[in-house]
Every structure is written in structure tokens, then in C-alpha cells.
Amino acid sequence: MGVKVMVVMPVYNEKGRVVRVIKRILKEYKLEVVVVDDGSTDDSFDILKRNFGKEKRVYLLRHILNLGKGAAMKTGVRMVKKIKGEAVLFVDSDGQHNPKQIREFLKEIEKFDLVFGYRDVGNRMPRVRRWGNLIAKKIVKTLFGIERKDMLCGFFAFKMSVFPKIRWKSSRYGVETEIAVRVVKSGLCFKEIKVDTIYINKYKGVSIFDAVRILMRLPYWYFGIKK
Amino acid sequence: MVLLFFAFIMGYYLFLNWKKGDISGKSFSSWVFIWLVFGILAIFPKLLEPLIEELFIVRVMDLGVIVALMIITFLTLENNIKIMKLERNTEKLVRKLAVKSVKRKKDISNGS
Numbered sequence: 001m002g003v004k005v006m007v008v009m010p011v012y013n014e015k016g017r018v019v020r021v022i023k024r025i026l027k028e029y030k031l032e033v034v035v036v037d038d039g040s041t042d043d044s045f046d047i048l049k050r051n052f053g054k055e056k057r058v059y060l061l062r063h064i065l066n067l068g069k070g071a072a073m074k075t076g077v078r079m080v081k082k083i084k085g086e087a088v089l090f091v092d093s094d095g096q097h098n099p100k101q102i103r104e105f106l107k108e109i110e111k112f113d114l115v116f117g118y119r120d121v122g123n124r125m126p127r128v129r130r131w132g133n134l135i136a137k138k139i140v141k142t143l144f145g146i147e148r149k150d151m152l153c154g155f156f157a158f159k160m161s162v163f164p165k166i167r168w169k170s171s172r173y174g175v176e177t178e179i180a181v182r183v184v185k186s187g188l189c190f191k192e193i194k195v196d197t198i199y200i201n202k203y204k205g206v207s208i209f210d211a212v213r214i215l216m217r218l219p220y221w222y223f224g225i226k227k
Numbered sequence: 001m002v003l004l005f006f007a008f009i010m011g012y013y014l015f016l017n018w019k020k021g022d023i024s025g026k027s028f029s030s031w032v033f034i035w036l037v038f039g040i041l042a043i044f045p046k047l048l049e050p051l052i053e054e055l056f057i058v059r060v061m062d063l064g065v066i067v068a069l070m071i072i073t074f075l076t077l078e079n080n081i082k083i084m085k086l087e088r089n090t091e092k093l094v095r096k097l098a099v100k101s102v103k104r105k106k107d108i109s110n111g112s
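Each protein sequence line maps, in turn, to chains A and B.
Residues in the first sequence are numbered consecutively from 1, following my numbering.
Residues in the second sequence are numbered consecutively from 1, following my numbering.
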């Protein structure tokens with residue numbers, strides 16, 4: 001394998017699933033995993049320390065305060081930069097992303113600077129999210145001319161060399177949309193690959209209120225992000 | 001009367017915060033000055049009549065609403081800017097601490 005890819009996994013109150021997800025990744029791949037606990041209020045971090053504290057391939061980081069997914073992702077990227085990783089692959093800690101599909105990302109990141117996953121926006125996605133995703137896609141396509149199959153999928157990878165061009169400011173859930181806008185404005189090439197649609201908890205993730213906040217940020221991204 | 005009562009309550013609130021050390025003496029006097037002006041204008045609204053004629057505003061109340069909205073907009077913007085700055089700084093600090101703690105842990109596990 002040419003590119004040294006590292007998995008970055010933001011964690012927030014996922015004590016029930018995160019260990020299983022990491023164990024599966026470690027078992028199936030020779031990848032290093034950077035886990036960023038974003039100030040969990042349950043004992044996620046203690047459980048992580050107990051299970052992976054001595055594991056050489058796992059880096060455990062903890063935010064002393066909850067800053068949001070976007071900020072945790074950025075902390076992960078900072079760590080990857082520090083340990084000389086060449087590419088980052090984001091995987092959710094709740095088991096929403098099938099570790100089996102990491103293989104496809106590893107293959108495609110050899111050829112492309114960015115690889116985005118897209119879910120089938122069909123019946124398996126909860127109705128509110130499906131409509132939210134479609135509306136966001138339409139608005140963003142009209143404003144920025146972005147043709148993306150799934151704007152909100154957090155299963156994606158990029159080479160560290162493109163990070164300065166897509167360095168996001170959103171600290172919470174707007175991060176995927178902001179990255180999509182930055183990618184287009186920077187003229188970067190990307191590849192989209194189909195990933196499984198798994199919904200574990202319909203109350204977690206992007207809510208309708210987060211979607212409104214994302215929409216309110218659009219004018220800033222439209223005028224504020226330079227090409 | 002309502003306005004005067006409100007100005008008095010605000011003055012008392014400022015006084016308590018000043019005594020607790022939450023606001024500085026300078027900040028306290030500036031706010032007290034603002035609420036004093038507000039109270040005086042509530043007692044003598046006619047003082048503003050030359051100004052409202054000049055600005056083509058019909059009633060003193062309308063001027064009050066316009067000025068209040070301007071102040072609220074300014075304060076909201078200022079608060080927003082300060083919160084964003086605070087969030088940015090907090091994020092930097094939390095990130096720095098998170099990355100630093102890993103370095104220390106790896107050093108220990110390597111026995112260095």
C-alpha cells in the first residue's frame with residue numbers, strides 16, 4: 001500500500017458500540033486509529049482506555065470539553081499530521097459505517113485526493129433525514145453547483161496534502177457540508193463510493209435544527225470561502 | 001412609571017454585579033450613566049421633542065423603539081463576535097491539551 005492512511009474516529013457518548021467498531025477495524029486492517037473522545041459525559045473514555053490503553057495502533061485523545069464533531073475531526077487530523085500520516089479516513093464510532101467498506105476507501109485514496117461515501121437515499125434512511133438530505137442537496141447544488149450524491153455522509157477520506165485547502169471552521173454538524181463547498185471552490189477532484197445505509201439511533205446525528213443551522217451558514221460559505 | 005421602575009431594577013442589578021466583582025467600576029459607571037439618561041428621558045420626554053422633529057419622527061416612543069432596536073442589534077452582534085472568539089480560543093486550548101496528553105502517554109509507554 002502506498003499511502004499511509006489513518007482512521008480518525010470522533011466519539012461522543014458511545015460506550016456501547018465504540019469498542020466493537022475499533023476492534024473490528026484493528027482485526028481486519030493494519031491501520032492505526034486515532035480516537036478523539038469529544039468530552040463524553042458517559043464513561044466512553046474510561047472504557048476506551050481499558051480496552052486500548054496499551055494498544056500501539058490506537059491513539060486515544062480526549063477533549064476536556066464537548067466541542068462538537070467538526071472540532072473532534074480537526075483534532076484527529078492534527079494528530080495524524082503529528083504522527084506523519086499521509087491520509088485520513090473518518091469513521092463514525094456508533095457502527096453507522098461498515099468497516100468492511102474501508103477496503104474500498106483504501107483502494108480509491110491511492111488514486112484520488114478525496115473519496116466520499118454516499119448512502120442510498122432510499123427507504124432505509126429515516127424520512128426526516130431523507131427529505132433534509134434532498135433539500136440540502138438541491139440548495140447547495142443551486143448555490144455552489146455541487147453535484148454530490150450524499151451531502152451529509154461522514155464516511156470519507158482525504159490525503160493530508162489537500163487539508164490546507166479544505167480546512168473547515170464548523171465545529172459541529174455543518175462540517176460535511178462545509179467540506180463539500182470547500183472541495184468545489186478549491187477545484188479538487190474526488191470520487192464517490194457507495195456505502196451501506198445503517199441507522200443505529202435516529203435521535204443522534206444531524207437533527208432538523210442542525211440542518212437549519214447549516215442552512216444559515218450557507219451565505220457565509222457562499223461569500224466567505226475563496227476559490 | 002414602568003420605565004422608571006425598569007431603570008431602577010437595572011441599576012440595582014448592575015450594582016449587585018459590581019459588588020460581586022463581575023463587572024468593573026468603569027463598566028458599572030457607564031451603564032449607570034445610560035440608565036440615568038434613560039430615567040431622565042422617561043420623566044421629561046419633552047426634552048427629545050426638538051430631536052424627533054428634526055428626524056421626522058412622530059412620537060418620542062417611536063424614537064425610543066428605534067434606538068432600543070439599534071442598541072439590541074449592536075449588543076447581539078458584539079456578543080456574537082465575542083462568543084465566536086471565545087469558542088475559537090477554547091477549541092485551540094482543548095485541542096492542544098488533547099494532543100499533548102497523547103505525546104506524554106506514548107513517551108511513558110516507550111520508557112523514555
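What the hints contain is simulated information worked out from the structure, not anything from laboratory work.
For glycine and all other residues, C-beta sits at the position ideal for the given N, C-alpha and C.
Any given hint could turn out to be false.
As the list claims (entries may be wrong) - Taking CB as the label site, the calculated pair distances span:
| no. | chain 1 | residue 1 | chain 2 | residue 2 | range |
| --- | --- | --- | --- | --- | --- |
| 1 | B | Ile-34 | A | Arg-50 | 52 to 60 Å |
| 2 | A | Arg-167 | B | Ser-24 | 36 to 44 Å |
| 3 | A | Asp-210 | B | Ile-71 | 39 to 47 Å |
As the list claims (entries may be wrong) - Taking lysine to aspartate or glutamate pairs in the EDC-like style, the calculated list, with each CA pair at most 16 Å apart, reads:
| no. | chain 1 | residue 1 | chain 2 | residue 2 |
| --- | --- | --- | --- | --- |
| 4 | B | Lys-46 | B | Asp-22 |
| 5 | A | Lys-111 | A | Asp-42 |
| 6 | A | Lys-169 | B | Glu-87 |
| 7 | A | Lys-159 | A | Asp-46 |
| 8 | A | Lys-137 | A | Glu-192 |
| 9 | A | Lys-169 | B | Glu-91 |
To be verified - To give an idea of the interface, some chain B residues facing chain A are shown, with a C-beta separation under 10 Å as derived from the structure:
| no. | residue |
| --- | --- |
| 10 | Asp-22 |
| 11 | Lys-46 |
| 12 | Glu-49 |
| 13 | Leu-51 |
| 14 | Arg-88 |
| 15 | Thr-90 |
| 16 | Leu-93 |
| 17 | Lys-96 |
| 18 | Leu-97 |
| 19 | Ala-98 |
| 20 | Val-99 |
| 21 | Ser-101 |
| 22 | Val-102 |
Subject >> Hint check: 10 Å Cβ-Cβ cutoff, Lys-96(B) to chain A >> reply: Hint on Lys-96(B): holds, closest Cβ of chain A at ~9 Å, below 10 Å.
**OP:** Against chain A, run the beta carbon of Ala-98(B) and see if the smallest gap drops under 10 Å.
**Re:** The hint holds - Ala-98(B) has a Cβ within 10 Å of chain A, the shortest such distance being about 4 Å.
Original post:
Hey, Lys-169(A) versus Glu-91(B), does the alpha-carbon distance stay inside 16 Å?
Top reply: Roughly 11 Å separates the two Cα atoms, so the pair holds.
Original post:
Taking the beta carbons of Arg-167(A) and Ser-24(B), is their distance inside 36 to 44 Å?
Top reply: Distance hint for Arg-167(A), Ser-24(B) holds at roughly 37 Å.
Subject >> Holds or violated: Lys-137(A) to Glu-192(A), with C-alpha atoms at most 16 Å apart >> reply: holds (15 Å)
Original post:
In this structure, is the beta-carbon distance linking Asp-210(A) and Ile-71(B) contained in 39 to 47 Å?
Top reply: violated (31 Å)
Original post:
Holds or violated: Val-99(B) as interface residue toward chain A, Cβ cutoff 10 Å?
Top reply: holds (6 Å)
Original post:
Between Lys-111(A) and Asp-42(A), does the CA-CA distance stay at or below 16 Å?
Top reply: violated (40 Å)
Original post:
If you draw a straight line from the CA of Lys-169(A) to the CA of Glu-87(B), is it 16 Å or shorter?
Top reply: Distance of about 11 Å is within 16 Å: holds.
Original post:
Was the hint right that Asp-22(B) lines chain A, CB cutoff 10 Å?
Top reply: violated (22 Å)
Subject >> Straight-line alpha-carbon gap Lys-159(A) to Asp-46(A), limit 16 Å >> reply: violated (31 Å)
Original post:
Hint check: is the beta carbon of Glu-49(B) less than 10 Å from a beta carbon of chain A?
Top reply: Violated, because the Cβ-Cβ distance from Glu-49(B) to chain A comes to roughly 41 Å (cut-off 10 Å).
Checked against the numbered hints given earlier, this structure breaks hints 3, 4, 5, 7, 10, 11, 12, 13; the rest are met.
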